[in-house]
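Based on the sequences and whatever the hints tell you, model everything.
Taken in order, these protein sequences are the chains called Z and W. Sequential numbering from 1 applies to the first sequence in the numbering used here. Sequential numbering from 1001 applies to the second sequence in the numbering used here.
Some hints here could point you the wrong way.
Stated by the list, open to error - Output of the computed footprint for chain W on chain Z, the stretches with three or more beta carbons under 8 Å from beta carbons of chain W:
hint, region
1, 28-39
2, 57-68
3, 81-89
4, 92-105
As the list claims (entries may be wrong) - Anything over 12 Å on all C-beta distances counts as not near chain Z; from chain W, calculated:
hint, residue
5, R1003
6, I1004
7, L1087
As the list claims (entries may be wrong) - Label-pair ranges, simulated between beta-carbon atoms:
hint, chain 1, residue 1, chain 2, residue 2, range
8, Z, P32, W, K1034, 39 to 49 Å
9, Z, S39, W, N1083, 32 to 42 Å
10, Z, E55, W, T1116, 39 to 49 Å
11, W, F1051, Z, P32, 21 to 31 Å
12, W, K1052, Z, I25, 17 to 27 Å
Hint data in this document are derived by calculation from the structure and do not stem from the laboratory. By construction, the Cβ of each residue, glycine as well, lies at the ideal position given by its N, Cα and C atoms.
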Amino acid sequence: MVLTIISSCSLFPSRQQVEIISKPIERSIAQPVMPREISLNDPYWYVVSDKNLDEFLAQIEKDSGNVVFLAMSVPDYELMAYNTQELKRYISELQEVVVYYRKVTTPQENK
Amino acid sequence: MSRILLGVLAILGLFTFFLWNENSKLAELNQAFKLRDQEQKEAIKTLQEDFKTQSEGLLEIQKRNNEIELEMTRYLDIFKRHNLTKLAIAKPNLIETRVNNGTKKVFDSIEEVSRTIDGLDDNLQLQSVSE
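Right under this line is the structure:
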């Protein structure tokens, strides 16, 4: 009796054990649908010099019925090639950024 | 005598209740600290994983960008190494073939890049492709 009084019934378990589990909330970011791949058609370049000028003019007249064409000098062609390479570089680098963002915003279990 | 004993017992009982009460409070506090510790550990783990993924991704971007820049320089170097005007005057047919092949190659590579981007969502299409 003395033991019961001095321990104030603490020997009897009166509290229920509550298990609390905490878990960080994962952000859910909806991934956009990627743009459809591009389909490019190749233009045909004619290289014309004194050696084949007549042949070229005849070919143009035969193909389109008139002697009409858009001409570009060699330095301008080089400029065009540079611009195309710049565009390709930009698209490629942007692709890497898209891949990165997609990777870091995709939930862990889906990786 | 019995009154004194009862008094002592009552004091002991009250003191024990006080101790039990304190113990309960400390047990709750301990559980709260454990929970906070667990939360912090989880948060640190998540942050570390995120940091690792982001660092690896940024390094990969830097590496790929260097490769892309090098590839571009390599292509454009052709114009520096060769006098295209002289070559076109001397061998127009040969240069015509080279120029058209080069254009096809660069357009194909751009198409390939766009295919990679499109493939990121497992080729899900926004609109139907009409050929």
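These are the hints, each one checked on the structure:
no., hint, in the structure
1, 28-39, "holds (count 9)"
2, 57-68, "violated (count 0)"
3, 81-89, "holds (count 8)"
4, 92-105, "holds (count 11)"
5, R1003, "16 Å, holds"
6, I1004, "15 Å, holds"
7, L1087, "9 Å, violated"
8, P32/Z / K1034/W: 39 to 49 Å, "42 Å, holds"
9, S39/Z / N1083/W: 32 to 42 Å, "35 Å, holds"
10, E55/Z / T1116/W: 39 to 49 Å, "42 Å, holds"
11, F1051/W / P32/Z: 21 to 31 Å, "25 Å, holds"
12, K1052/W / I25/Z: 17 to 27 Å, "20 Å, holds"
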